Amino acid sequence: MDRSFPAVVLVRIVNAQKASQENQEISPTWCANLHIAIKTGNFHSMKRSLDWRNLQFFLAVARSGSLSEAGRLLGVDHATVGRHIVALEASVGKTLFERHLRGYALTRYGQDLLTTAEAMDREATSVAQASSPAYGLTGTVRINALEGFASFFLASRIGSLLVENPALTIEILTIQQIVALSRRQADIAITVTPSEDDRFVCERLTPYYLCVYATRSYLDREKPIKKPEDFSSHLFSGYVDEMIFMRELDYLGHLGVSRKMVRIQNSSVQAQMEAACSGLCMAVLPTFVAATRPELIPVLPQQVRLERHYWLITRAEEQTSVRISQLCRFIRDEVQKGEKLFRV
20 MDRSFPAVVL VRIVNAQKAS QENQEISPTW CANLHIAIKT GNFHSMKRSL
70 DWRNLQFFLA VARSGSLSEA GRLLGVDHAT VGRHIVALEA SVGKTLFERH
120 LRGYALTRYG QDLLTTAEAM DREATSVAQA SSPAYGLTGT VRINALEGFA
170 SFFLASRIGS LLVENPALTI EILTIQQIVA LSRRQADIAI TVTPSEDDRF
220 VCERLTPYYL CVYATRSYLD REKPIKKPED FSSHLFSGYV DEMIFMRELD
270 YLGHLGVSRK MVRIQNSSVQ AQMEAACSGL CMAVLPTFVA ATRPELIPVL
320 PQQVRLERHY WLITRAEEQT SVRISQLCRF IRDEVQKGEK LFRV
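Per the numbering used here, the sequence shown starts with residue 20, numbered consecutively.
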């Protein structure tokens, strides 16, 4: 069956043919041969110029930003990854990565090849899924999610999807920034703010709520709290200043609590909750997270109840990926089933 190659890559090929020698990107002949090989399934014509394994290593380095991390993902050492990258650069005649102390960054030639390589990856995945429907989804999907959602909701539910898809691997990161998605270090992001970047597709998952929590021992020992203004004289556990990179996470600022009263600072919702459970301080927590610790008591819940929303974000170019679309559907379904949990 004739499979049309993604339009985005065809545009790259046409543009490459029109480019001047000075601005030319990856060789147009090489890209054209790549297009023909994928469309016809005849890869023999490219054997001398392209080792297909090199593209696998290229994608891993482009997504992870380092040889060592790419090697870990592929199960080889960093030197092996480096050899494949050097070989690929030799075959295309261009430098694909800039080498820095902090890792590898794509050059403009690398960005051009990445478009083609990712399209190939999606095509290969689609063919594999279509030819082996009984085997289910395959490969690895990386999710970048807020810690509360990842640790207290998603992690305990993802197992059923893995049982149904024995060749699928799920990686869950709790790095809180959309930058991980924009740098292709994740496939799906779940965050509290939508993206205005047209490279991403954003979907509102669910509202959730946060309250101030403390233990009975803390409330009995410290000054009484009768109105929201009283919070300003109490000790809190909250995010490290540098972690408050969006206003939606500045819960204590919303309550008028000075940063000098946030004397237990960390980057973890779990750690904030444990600090509050110790009876030393209070914390602002998602209600579904605090519900896991019965010793925590909501303080002025009728007066102080913050509303936020979880957003499901994917790259626009991944909308045709069977693997990504089915995982997004799974997350939506689980959120819908657990709707009451988020609205406690």
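None of these hints come from the bench; they were simulated from the model.
Please note: incorrect hints may appear among the correct ones.
What the hints assert, rightly or not - Pairwise CB distance ranges (calculated):
| id | residue 1 | residue 2 | range |
| --- | --- | --- | --- |
| 1 | 328 | 240 | 45 to 51 angstroms |
| 2 | 214 | 251 | 31 to 37 angstroms |
| 3 | 240 | 277 | 19 to 25 angstroms |
| 4 | 94 | 246 | 55 to 61 angstroms |
| 5 | 99 | 299 | 45 to 51 angstroms |
| 6 | 360 | 336 | 29 to 35 angstroms |
| 7 | 220 | 178 | 25 to 31 angstroms |
| 8 | 214 | 274 | 25 to 31 angstroms |
| 9 | 106 | 313 | 56 to 62 angstroms |
| 10 | 119 | 336 | 39 to 45 angstroms |
| 11 | 241 | 158 | 32 to 38 angstroms |
Nothing here was measured: the structure is a model prediction, and the numbers come from that model.
The beta carbon of each residue, even a glycine, is placed where N, CA and C say it ideally should be.
Each hint tested on the structure:
1. Between residue 328 and residue 240, the C-beta spacing of about 36 angstroms breaks the proposed range 45 to 51 angstroms.
2. Remark: the range hint 31 to 37 angstroms for residue 214 to residue 251 is upheld by a beta-carbon distance near 34 angstroms.
3. At roughly 21 angstroms, the beta-carbon separation of residue 240 and residue 277 lies within the given 19 to 25 angstroms, and the hint holds.
4. Between residue 94 and residue 246 the C-beta distance comes to about 58 angstroms, which sits within the given range of 55 to 61 angstroms.
5. With their beta carbons about 49 angstroms apart, residue 99 and residue 299 fall inside the hinted range of 45 to 51 angstroms.
6. A C-beta distance of roughly 33 angstroms is found between residue 360 and residue 336, which places it inside the suggested range of 29 to 35 angstroms.
7. Hint check: residue 220 to residue 178, Cβ distance near 27 angstroms, so the stated range 25 to 31 angstroms holds.
8. Against the hinted window of 25 to 31 angstroms, the Cβ-Cβ separation of residue 214 and residue 274 comes to about 27 angstroms, which satisfies the hint.
9. Taken as a hint, the range 56 to 62 angstroms holds for the pair residue 106 and residue 313, whose Cβ atoms sit roughly 59 angstroms apart.
10. The hint said 39 to 45 angstroms for the Cβ distance between residue 119 and residue 336, and at roughly 26 angstroms that hint is violated.
11. Between residue 241 and residue 158 the CB atoms are about 52 angstroms apart, so this pair departs from the stated range of 32 to 38 angstroms.
Hint check: violations occur at hints 1, 10 and 11; the rest are consistent with the structure.
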